[in-house]
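Number of protein chains: 2
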Amino acid sequence: MHEPLTRLKLAVGEVVDLQRAAALLEWDEQVYMPPGGAPAHGEMVATIRKTAHEKLTSDDVGRLIDELEPALPSLDPDSDEHRIISVTARDYHKAACVPSAFVAELAQTVSTAQHAWIAARAQSDYSKFSPHLARLIELKQRYIAFFPPREHPYDTLLDEFEPGITTADVKALFAIIRPRQVELIRSIADRPQVDDSFLRVPYAENDLWKFGEEVITTLGFDWTRGRQDRSVHPFATGIGPDDVRITTRIVPNEPFSLFFGTAHETGHALYEQGIAGDYRRSLLGDGASLGIHESQSRLWENLVARSWPFWQHFFPKLQQRFPTQLGTVSAERFYRGINKVQRSLIRVESDEATYNLHIMLRVEMEIAMLAGDVSVNDLPALWNSRMQEYLGLTPDNDARGILQDIHWSIGAIGYFATYTLGNVISAQLWNAFGRANPDRDADIARGEFAPLLTWLRSNVHRFGRKYKPQELVERVTSSRIDPEPYLQYLESKYRRIYEIT
Amino acid sequence: MHEPLTRLKLAVGEVVDLQRAAALLEWDEQVYMPPGGAPAHGEMVATIRKTAHEKLTSDDVGRLIDELEPALPSLDPDSDEHRIISVTARDYHKAACVPSAFVAELAQTVSTAQHAWIAARAQSDYSKFSPHLARLIELKQRYIAFFPPREHPYDTLLDEFEPGITTADVKALFAIIRPRQVELIRSIADRPQVDDSFLRVPYAENDLWKFGEEVITTLGFDWTRGRQDRSVHPFATGIGPDDVRITTRIVPNEPFSLFFGTAHETGHALYEQGIAGDYRRSLLGDGASLGIHESQSRLWENLVARSWPFWQHFFPKLQQRFPTQLGTVSAERFYRGINKVQRSLIRVESDEATYNLHIMLRVEMEIAMLAGDVSVNDLPALWNSRMQEYLGLTPDNDARGILQDIHWSIGAIGYFATYTLGNVISAQLWNAFGRANPDRDADIARGEFAPLLTWLRSNVHRFGRKYKPQELVERVTSSRIDPEPYLQYLESKYRRIYEIT
Numbered sequence: 001m002h003e004p005l006t007r008l009k010l011a012v013g014e015v016v017d018l019q020r021a022a023a024l025l026e027w028d029e030q031v032y033m034p035p036g037g038a039p040a041h042g043e044m045v046a047t048i049r050k051t052a053h054e055k056l057t058s059d060d061v062g063r064l065i066d067e068l069e070p071a072l073p074s075l076d077p078d079s080d081e082h083r084i085i086s087v088t089a090r091d092y093h094k095a096a097c098v099p100s101a102f103v104a105e106l107a108q109t110v111s112t113a114q115h116a117w118i119a120a121r122a123q124s125d126y127s128k129f130s131p132h133l134a135r136l137i138e139l140k141q142r143y144i145a146f147f148p149p150r151e152h153p154y155d156t157l158l159d160e161f162e163p164g165i166t167t168a169d170v171k172a173l174f175a176i177i178r179p180r181q182v183e184l185i186r187s188i189a190d191r192p193q194v195d196d197s198f199l200r201v202p203y204a205e206n207d208l209w210k211f212g213e214e215v216i217t218t219l220g221f222d223w224t225r226g227r228q229d230r231s232v233h234p235f236a237t238g239i240g241p242d243d244v245r246i247t248t249r250i251v252p253n254e255p256f257s258l259f260f261g262t263a264h265e266t267g268h269a270l271y272e273q274g275i276a277g278d279y280r281r282s283l284l285g286d287g288a289s290l291g292i293h294e295s296q297s298r299l300w301e302n303l304v305a306r307s308w309p310f311w312q313h314f315f316p317k318l319q320q321r322f323p324t325q326l327g328t329v330s331a332e333r334f335y336r337g338i339n340k341v342q343r344s345l346i347r348v349e350s351d352e353a354t355y356n357l358h359i360m361l362r363v364e365m366e367i368a369m370l371a372g373d374v375s376v377n378d379l380p381a382l383w384n385s386r387m388q389e390y391l392g393l394t395p396d397n398d399a400r401g402i403l404q405d406i407h408w409s410i411g412a413i414g415y416f417a418t419y420t421l422g423n424v425i426s427a428q429l430w431n432a433f434g435r436a437n438p439d440r441d442a443d444i445a446r447g448e449f450a451p452l453l454t455w456l457r458s459n460v461h462r463f464g465r466k467y468k469p470q471e472l473v474e475r476v477t478s479s480r481i482d483p484e485p486y487l488q489y490l491e492s493k494y495r496r497i498y499e500i501t
Numbered sequence: 001m002h003e004p005l006t007r008l009k010l011a012v013g014e015v016v017d018l019q020r021a022a023a024l025l026e027w028d029e030q031v032y033m034p035p036g037g038a039p040a041h042g043e044m045v046a047t048i049r050k051t052a053h054e055k056l057t058s059d060d061v062g063r064l065i066d067e068l069e070p071a072l073p074s075l076d077p078d079s080d081e082h083r084i085i086s087v088t089a090r091d092y093h094k095a096a097c098v099p100s101a102f103v104a105e106l107a108q109t110v111s112t113a114q115h116a117w118i119a120a121r122a123q124s125d126y127s128k129f130s131p132h133l134a135r136l137i138e139l140k141q142r143y144i145a146f147f148p149p150r151e152h153p154y155d156t157l158l159d160e161f162e163p164g165i166t167t168a169d170v171k172a173l174f175a176i177i178r179p180r181q182v183e184l185i186r187s188i189a190d191r192p193q194v195d196d197s198f199l200r201v202p203y204a205e206n207d208l209w210k211f212g213e214e215v216i217t218t219l220g221f222d223w224t225r226g227r228q229d230r231s232v233h234p235f236a237t238g239i240g241p242d243d244v245r246i247t248t249r250i251v252p253n254e255p256f257s258l259f260f261g262t263a264h265e266t267g268h269a270l271y272e273q274g275i276a277g278d279y280r281r282s283l284l285g286d287g288a289s290l291g292i293h294e295s296q297s298r299l300w301e302n303l304v305a306r307s308w309p310f311w312q313h314f315f316p317k318l319q320q321r322f323p324t325q326l327g328t329v330s331a332e333r334f335y336r337g338i339n340k341v342q343r344s345l346i347r348v349e350s351d352e353a354t355y356n357l358h359i360m361l362r363v364e365m366e367i368a369m370l371a372g373d374v375s376v377n378d379l380p381a382l383w384n385s386r387m388q389e390y391l392g393l394t395p396d397n398d399a400r401g402i403l404q405d406i407h408w409s410i411g412a413i414g415y416f417a418t419y420t421l422g423n424v425i426s427a428q429l430w431n432a433f434g435r436a437n438p439d440r441d442a443d444i445a446r447g448e449f450a451p452l453l454t455w456l457r458s459n460v461h462r463f464g465r466k467y468k469p470q471e472l473v474e475r476v477t478s479s480r481i482d483p484e485p486y487l488q489y490l491e492s493k494y495r496r497i498y499e500i501t
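Protein sequence lines correspond, in order, to chains D and E. At position 114 of the first sequence the residue is numbered 114 (our numbering), and the sequence of numbers has no breaks. At position 58 of the second sequence the residue is numbered 58 (our numbering), and the sequence of numbers has no breaks.
Mixed in with the good hints, there may be bad ones.
[Unchecked claim] Here are the simulated lysine to any residue pairs, SDA-like style, with alpha carbons at most 20 angstroms apart:
| no. | chain 1 | residue 1 | chain 2 | residue 2 |
| --- | --- | --- | --- | --- |
| 1 | D | Lys9 | E | Pro39 |
| 2 | D | Lys9 | E | Ser100 |
| 3 | E | Lys210 | D | Ala101 |
| 4 | E | Lys210 | E | Phe256 |
| 5 | E | Lys9 | D | Pro39 |
| 6 | E | Lys9 | D | Ala101 |
| 7 | D | Lys210 | E | Pro34 |
| 8 | D | Lys9 | E | Glu105 |
Note that these hints are calculated values from the structure, not bench results.
In isolation and in its complexed conformation, chain D is listed as follows (with noise of 0.2 angstroms):
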């Protein structure tokens, strides 16, 4: 039995290797590459993960599995043993549908959509990315051709990102969640605006990104395994636990754009660096989903890094670093400023009350676009119109409107309800985290938070992809994915900040 697993093991390892290669790559191409260098990038990406591909998807791989997979009914379903094989057997027998050409071919597409999407946004002009778009969509629908039809196309792409998770599970989540957070807004849209005018001011960059290196450092960033740049789009990405990079960036007018981003994204690197060492050079060794990463990053960004106990320790720290600033603004006062709901054309700087509505505008459009419902060049004005329904605003150019997000120009297309379910398994997780250490609160009050990212390691971070997200949800909360407790803790939450009774 040792020998095939043994030598699953290795072959996986180079699978292993390249796609962290490529993710380096791409991490560069974000960082540090010199404009030139994108067409010679997009190439190296493109080979190195038609590649991997191949070395998954080879004959020596197929006949390992071959051998291996008959033996797991005999296996504990719980042992490392078990989920490697079983994890490799599924990744595999998912990749041998997909030509290796065609990786290639997508790999190739998403480099060039990317950089045009860069300059597109730049410029606000959607018709210089429209063609790329197209052409993406083209092959995610010949993507979707290579597997058995499920019942919505849509739900191919989502299972790439969220395991398990259909199309139907989606829609039902958002019907739940969209009248209840509407109810809430509408709410707040009552009650005496929140001042954030103290946040509008300038404050220098270089202090500001010290302040939260000092923050995270505190809530267990190992630097000794990770690092910190600029982007133009923040992001983390995993070189493997050990090497773990996030990113963050300057956006004009919005200072602390700078600090929860980092806030963000130091949640997807702590999930990282917690993976069990053991699962390093295998399939396990990234996080169960999106959605469970999300939950990490949203949970430090929102339930941690905008809450009241969170600013009871730090917000001393800050003031001390921006006496001019904030001098006279109180704790309380500051903690109201950071949680201001406003509705925003943009998500990333949206706050937590009209996150999900952003989600859902694209998501849909997604869906749309997969079932052959909405063309290309009608994206912009449908846009503009659900953005008008959902927030009442309409943006003033493409660049802030459906320009403003990474994601399809990298191919990440079923990717977006992710969010929304991290939104909801963070509340999920941060109350089973409260049953199992009342202090919790308490703690974070006092700069404590080793109690909190041990009982994550322990509970989510450790097990990469051992468990599907469903089932690692249940095994840590004993419910599956449910949103009343994220739709409890939104109006708990802000029903105190505007005093809603």
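Got chain D sorted already, so can you dock chain E onto it with the hints?
Just chain E now, kept in the frame of chain D:
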């Protein structure tokens, strides 16, 4: 005919993509990787190098070469078509002698050895590095055994870096250079010392960095296709001609080390940026050899950036940036200061008059190691006694002695002689350019570098690996590789500076 050549180009394109990706990962390791990432990076590079080797030595490539090679005699030997086939065939046949598993083992060993060297040098503890060196030499001996025996085992290693050059060639070159340089140093020692006290005061790093950027922009460094960062050991790396990265370092008490390091690496970078775009994804798309590469870095560092015409143009600008340090220093005094001859322990800080002695020292040790004449444990003592013999100095510790250079730790044994070849060739090219452009010095004194860069581009850079080093030198200078012009350049320069009659 065309069909197989197109297929060969596509197959080789993937090899090049992987090699470039490995180069980028290696750049990252030295510039931005968090320390914890080292093992995973080692695995990634090993897998990528092994995979590139597998692809280059695949049956497909072998069949295409078998098909294309017989057509070579009917092709114009000066055509790109001929050279793409012949250079690819040469690389293929050479690679086919080496098993892919060996390539991975070497890459993995190198990655570990490099990190051991960094630690060993930091602590000046040779014993932390020597087991890795022993392992590397063992691997090099296994590597040599994959090939037919040559006159000297070292020939096989030299050929990797300097195709066509033998151990006998190198020894003959050294035999001519050594007595002339030793004599030159002796006559300099009899003269009054040059004053360089103004170079030993503090200079703001950031301002020196900016001055370096300004200079290399004027020289022709293309920032849209390149960048500069810091690292422990300065180097240049081309991820293809459109993404060429240089690094430099800050040396305490040697402020201008940063500047001349930048000028040196820029010479490498201008070469890479100048390789014909058509060769980008082929095996012609690199420098002809390390010696030719070094001829470019030494030409820009020494013949240009340590010349009197250069500082006629740039000294006023430098003076403006550093009025405190240089306000009362004349251009002439500055020029003499930066060309001060001083026997030194450190190769990369040594002047032109002594540089080649540092090279000979290490090359002779490499030849002895490969011949089995000296053991790894005896190296530090041997280094120190030879350093005393050649330069009259004894290192205070191994960090400033045998451990000073990175090369052995990255498996680059057989590399060092290329530094001296580079010096020699740089003067030959310099004279050839001077014959073609009698205004050479006047142009430089006016800050006009385009004529030089254009001449190098069309006579050297664009050809990439199309010609072997000896062939290239003969095409451009109508002479074989010859130390005489370099020795005359040195003698004439230093006789003037030291007023030797």
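Practice prompt. For the pair we were handed, Lys9 of chain D and Glu105 of chain E, check the Cα-Cα distance against 20 angstroms.
Written response: Between Lys9 of chain D and Glu105 of chain E the Cα gap is close to 17 angstroms, so the pair holds against 20 angstroms.
Practice prompt. For the pair we were handed, Lys9 of chain D and Ser100 of chain E, check the Cα-Cα distance against 20 angstroms.
Written response: holds (19 angstroms)
Item to complete: Starting from Lys9 of chain E, check that the Cα of Ala101 of chain D is at most 20 angstroms away, please.
Response: holds (16 angstroms)
Discussion item. Can you confirm whether the C-alpha distance between Lys210 of chain E and Phe256 of chain E stays at or below 20 angstroms?
Written reply: Answer holds: Lys210 of chain E to Phe256 of chain E is near 13 angstroms, not above 20 angstroms.
Practice prompt. Decide if the proposed pair is consistent with the structure: Lys9 of chain D and Pro39 of chain E, CA atoms, cutoff 20 angstroms inclusive.
Written response: Holds - the C-alpha atoms of Pro39 of chain E and Lys9 of chain D are around 17 angstroms apart, at most 20 angstroms.
Worksheet item: Holds or violated: Lys210 of chain D with Pro34 of chain E, Cα cutoff 20 angstroms?
Response: Holds. Lys210 of chain D to Pro34 of chain E sits at ~18 angstroms (cutoff 20 angstroms).
Discussion item. Checking one constraint from the list: CA of Lys210 of chain E to CA of Ala101 of chain D, max 20 angstroms. Satisfied?
Written reply: violated (46 angstroms)
Worksheet entry | Restraint status (C-alpha distance of Lys9 of chain E to Pro39 of chain D at most 20 angstroms) | Measuring from Cα to Cα gives roughly 17 angstroms; hence the hint holds.
Hint compliance for this structure: hint 3 is the single one not met.
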